[in-house]
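Respectively, the protein sequence lines represent chains A and B. The end of the first sequence is residue 250 by the working numbering, with every number in the run present. The end of the second sequence is residue 103 by the working numbering, with every number in the run present.
One should not assume that every hint holds.
As the list claims (entries may be wrong) - To spell it out: a stretch of chain B is covered by chain A in this simulated footprint if at least three of its residues, at any positions, have a beta carbon under 8 Å from a beta carbon of chain A; those stretches are:
(1) 12-23
(2) 37-44
(3) 51-60
(4) 63-72
(5) 82-89
(6) 92-102
Just so you know, these hints were derived from the structure itself, not from any lab. Every value quoted in this text rests on a predicted model; they were computed, and no experiment measured them. Idealized CB from N, CA, C, for every residue including glycine.
Residue strings, one per chain:
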Amino acid sequence: MKLLQSPAARVGLSISIATGLYGVSFGALSVTSGLDFWQTMALSLLLFSGGSQFAFIGVVAGGGSGVAAMGAATLLGMRNGIYGMQINALLQPRGWLRFAAAHVTIDESTATSTGQTDPLEQKRGFWTAGIGIFILWNLFTAAGALAGGALGDPKQWGLDGAAVAAFLGLLWPRLKGREPVAIAVACALATVLAVPFVPAGVPILVAAVVAAGIGWFSHGRSDEGLEPDVDPYAEQHSARPSGQHPGDTP
Amino acid sequence: MNLWWWLLLSCLLAYAWKLLGFLVPASLLRDPRMSRIAGTMTIGLLASLTVVNTVASGQALALDARLGALAAAATALWFRAPFLVVVLAGAGAAAGLRLLGWR
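Based on the provided sequences and hints, a complete structural model is requested.
Following this line, the structure appears as C-alpha cells:
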C-alpha cells in the first residue's frame, strides 16, 4: 500500500497506537471517578482531547462541581485553538473537511504534521494520526471503561494513584528547561494554598489564572507548553543535547 | 444541573476552540501572546491537576499513599517509560503502600 511508504503516515500510525493505548487508563479512571459508561464514551467521542478529558474526570473525582470540571477542561482546550490555526495555515482544508479536521486537531496530530516539511506529508501525517488516534482512543476507552467498572473498590487497585501518575505523565514532556518548571511550581503552590479556602475544583481554576498571568506578563518561548503528550518524533528529538530547545532564548 | 449537561457543554466548547483556530484569520497566528498563554495555561493546569489529585481530599490536604504514586510516576518518567507504564507504576505504588498499611 502506497500510504505505508509515506514517512508521515508511518509516524502517524505508531503515534496512534501509543496514544490510543492510554485510552485504557482514561476509560478505567473515568468510570471509577463516578461517570457512567456512556458519559465516558461521550467525552472520548465528542470532546476528544486527552488532557481536557482527564481534567474533567479529575475534578469530578475530587468532589468538584460540574461547572468546575467544565472550566478546567475548557481552559485546557485553548491550545487546540492555536493548533487549529497552525493546521489551517499548513493544510488549508476546504468545505466540510475543515469541520472534520477541527475535530481531530489535538497535540499529537498537530505534532505529527508540523514535524514534516513536505506539504503532502504534512497532510498525510495529520490525517493518519488524527483519524488513527480517534478510532483507537475510543476503542481503548470503551475497553478501559468496561474493565474499570468490573474492578470494585478503585482505591484497593491504586486507581487514585494512577490518576496522579497520568497527570504527571501529561505534564512531564512540557517541562523542558527552567522556565516551564518554574511555572509548574508556581501553579502547584497556588493550588495547595487555595485548597482549604475554596470549593473542590476551584483551586485548579486559580492555578489557571496564575498561569495566564505569567503568560501575559513574561516573555518566553511562544510555543512553551505546546508539546504533545506522546512525541511522534521522539527518536530524532532525543539526539538533541538534553535540556535545549531550538526556540530557547536567554 | 445534571452532570450530563456540563459534560456536553464541555464537548461543545472543546470543539469551539478547535474550530475557532480554523476560522480566525491567519494574521492572528502571529500574535505570540495568545499562543504563549495557551502554553503557560496548559503547564499550569496540568501541574495543578497533578497536585490536587495527590494531596487534596475534598477541601482538606492529606498526605497518603498517593504521594508514593507521585514518586513512582516521577521515577518511571525519569527513565523515559511510556505513558501506560507510568500510569501502572502510579497505581501499583498506591495499591502496594495500602497493602503495607499506609492509607
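Hint by hint, here is what the structure shows:
no.: 1; hint: 12-23; result: holds (count 9)
no.: 2; hint: 37-44; result: holds (count 8)
no.: 3; hint: 51-60; result: holds (count 9)
no.: 4; hint: 63-72; result: holds (count 6)
no.: 5; hint: 82-89; result: holds (count 7)
no.: 6; hint: 92-102; result: holds (count 6)
Consistency note: the structure conflicts with none of the earlier hints.
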